[in-house]
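If you read the protein sequences in the order shown, they are chains A and F. Take any residue in the first sequence, note its place counting from 1, add 607, and you have its number in this note's numbering. Take any residue in the second sequence, note its place counting from 1, add 12, and you have its number in this note's numbering.
Misleading hints may appear alongside valid ones.
Label pairs and their computed distance ranges (CB to CB) [as the list claims (entries may be wrong)]:
1) G26/F <-> W819/A: 56 to 62 Å
2) W640/A <-> Q131/F: 23 to 29 Å
3) H784/A <-> Q200/F: 17 to 23 Å
4) V34/F <-> S787/A: 42 to 48 Å
DSSO-like cross-link-like pairs, simulated, lysine-lysine; straight-line CA separation at most 27 Å [claimed, not checked]:
5) K870/A <-> K705/A
6) K870/A <-> K145/F
7) K158/F <-> K705/A
8) K145/F <-> K705/A
Calculated from the structure, these hints are not laboratory results. This structure is a prediction, so every number in the text was calculated from the model and none was measured. Beta carbons are placed, not taken as given, at the ideal position from N, Cα and C, and that holds for glycine.
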Amino acid sequence: MMAVAQSTYVGGIRPRSIAGIWFRHALVLRRTWLPSLTWYFVEPFVILIAIGVGIGTLVDDIDGLPYARFVTPGVIAGSAMFHAIFECSWGSFFRIQKGVYETALTAPVSTRELAMGDISWAMSRAVITAFCIGTVAAILGWIDSPSGVGVLVAAALTGIQFGALGLIFAALSPNVHILSLSFTVVASPLYFFSGAFFPISVLPDWAEPIAWATPLTPSVHLARGFVTGSLEMSHLFAALYVLGMSAALIPIASALLHRRLVK
Amino acid sequence: MNGQGDSAVIRASGITKRFGEVVAVDDVSFEVRRGETYGLLGPNGAGKTTTMRMVSGLSPLSAGELVVAGIDVSLQGREVRHVLGVVTQQDGLDTDLNARDNLIVYGFIAGLSRAQAAQRADAVLMYFDLTDKANDEIDSLSGGMKRRLAIARAFMTRPQVIVLDEPTTGLDPQGRNRVWQELETMKQAGVTILMSTHYMDEASALCDRLAIMHHGQILAEGAPDELVNLHAGREVAQVRMSNGARGDVMERIDEAGFDYRDAGAVIMVWAPSGGRPDLYGLDGVRVSYRPSNLEDVFLSVAGRGLTDE
Chain A
608 MMAVAQSTYV GGIRPRSIAG IWFRHALVLR RTWLPSLTWY FVEPFVILIA IGVGIGTLVD
668 DIDGLPYARF VTPGVIAGSA MFHAIFECSW GSFFRIQKGV YETALTAPVS TRELAMGDIS
728 WAMSRAVITA FCIGTVAAIL GWIDSPSGVG VLVAAALTGI QFGALGLIFA ALSPNVHILS
788 LSFTVVASPL YFFSGAFFPI SVLPDWAEPI AWATPLTPSV HLARGFVTGS LEMSHLFAAL
848 YVLGMSAALI PIASALLHRR LVK
Chain F
13 MNGQGDSAVI RASGITKRFG EVVAVDDVSF EVRRGETYGL LGPNGAGKTT TMRMVSGLSP
73 LSAGELVVAG IDVSLQGREV RHVLGVVTQQ DGLDTDLNAR DNLIVYGFIA GLSRAQAAQR
133 ADAVLMYFDL TDKANDEIDS LSGGMKRRLA IARAFMTRPQ VIVLDEPTTG LDPQGRNRVW
193 QELETMKQAG VTILMSTHYM DEASALCDRL AIMHHGQILA EGAPDELVNL HAGREVAQVR
253 MSNGARGDVM ERIDEAGFDY RDAGAVIMVW APSGGRPDLY GLDGVRVSYR PSNLEDVFLS
313 VAGRGLTDE
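Given the sequences, and given the hints that come with them, work out the whole structure.
Okay, structure coming up:
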C-alpha cells in the first residue's frame, strides 16, 4: 500500500494543509474541552450576567433597548475577539517557539497555509464562544429575533480579523512581554471602546470617529444589528469593513510568519 | 546518468546559502545514493543544518542546483517533502497532544486520510517500540523517547529518504544507543538516510559515506575508513614532553614532515603516508600510539578540533 497520494492544489493553495492544521486544533480542544469551557462559556457568561443584570438594573434603556439586551451582542463580539486574538497570538507564538510549526512545515505545507489554518481555527473558536453565549442569552430572552442566529456570522468575521491580527503579533514578538501587548494595548482597550457597553454616541465628538475606526466597533455594530433584528445599510458597511480589514491583514500575517519561520 | 537508472537520490551541485553578508553554505556538491547512509560531519556552525534545510525545501537556495528523487528543489520545494521524512534538530513534538495523536496529526497534514493515519500511527509506534507510550503526554517521555517519536513521525509517510539533523545530540548514552539501533533497522529496510552530526563516533558507526564540513564547505568526502587512512593514517602518536624537550621534539617532527597539532601539553602527530616520528633518545618524552579516527581527520583537514570552540 502506497500511503501518500500527490497533493491537490487549488490556486496554489493545498487545502489539506489548512484542514490538517484545523484538525490539530480541534483535537486539542477535544482533549481539553472541560477546562476550555471556562474560556468559551463561563467567563463571558459571568460578564454577561454581571453587567446585564447587575449594572443593567441601574441603567435606563439605551436606544429603546433594556441594558442587558444592549450589552449581549457586545459581549458576544468581544468574546469572539478575545478567543481569536488569543489563539493566534499566544497560541501561535508558543507553537512557533516549540517547533510545532517547524514540524508542520516538514510536511508539504507552506507558511501561507499555516497562517490560513490558524486563522480558520480562530474563526471557529469565535463561532463556538458566540454559540455558547448566544444560546444562554436566547434562553434569558435577551436575543429573541430569528435574525439573532446572525451573531454567528458576525463572530466568524470577527474571528478572522482578529486571528490575523493576533498572528501578526505572534510572528513579530521576540518574547512574551511584547506579545502581551496584543492584550494590554489592543484587545482590552478595543473591548471597552467598541460600543459593547455604551453607545459610541456618548463619547466626545472628536473621539467618535476614532472609536468607529477601531476594528471591534464594526463587529459589535453588526452583532447588535442581528440581535435586535434591525439590519440596515450601516451593518453592511460594518461587515465590509471587517472583511476588508481581514483581506488586508491576512497577507501581512502570512508574510511575517514566513519571515519568522523560513530563513 | 539520468532518470530511472540513476542511483543518486539526492544530488547537490554547487549549492550556496547566503544570509546577508554571511555565507552559511558555500558552493557545496555531493550525492547521496539510494539506500546509503550519508553523513555531514562538522562542528556547530559548519553549515550542516542549513544544507539539510535546503535539501528539504525549507530554505531557498541562493545558488546552485539541488535535485531530490528527480524533483528540482528550487522549482518544487514542497513536493520534495512528499518523498522525504524530515526530523529537525528540535524534536518539534506537540505537547498539547499525546504521542499517538502527534503521529496522526502529522500523517493527516502530510496527506493521509484520518483512517490511514491512525492505522499507520499504530504500526509505526510498534515498529519503534513505543506502543505502550501511545497515550502518554509528550512531557512525560524521556529525551530518547521523544527523539524516537520524532523519527517515527517522519516515518509516517513511508518516505524514501529520512533527513535527520543531529539525531542524538543531547541524549544520554542509553537513549543514544536506542536511536542508533533504530537507524540501523531503517537502513536494513532500505531507507536512504541523510544525517548530520558533530559526533565522530556516530559518524563512523552509522555512515556509509560522509562529508566533512567546515565553514560552509565540504573539506573531504568518502567512507569513514577511507577518510581516516587518507588523511590521518592508521595511527596517531600522542607526544607528551617536558618543557625542556619541546624544541627538540618540534624539530624532529618538522624534519620528518609529519602533520601535527600542538595542543600544549600534548602534541599529536599523524602520518597519512605511514611511519612513526623518530623521537627516540630524547629525554622527558613519552609517546603513545592510538588508532586514528575521524576527529584526527577533521583536525588534519580543518586545522582545528571538532569540539573546539
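Query raised in the report: Out of the numbered hints, which ones does the structure contradict?
Result: Hints 3, 4, 6 not satisfied by this model.
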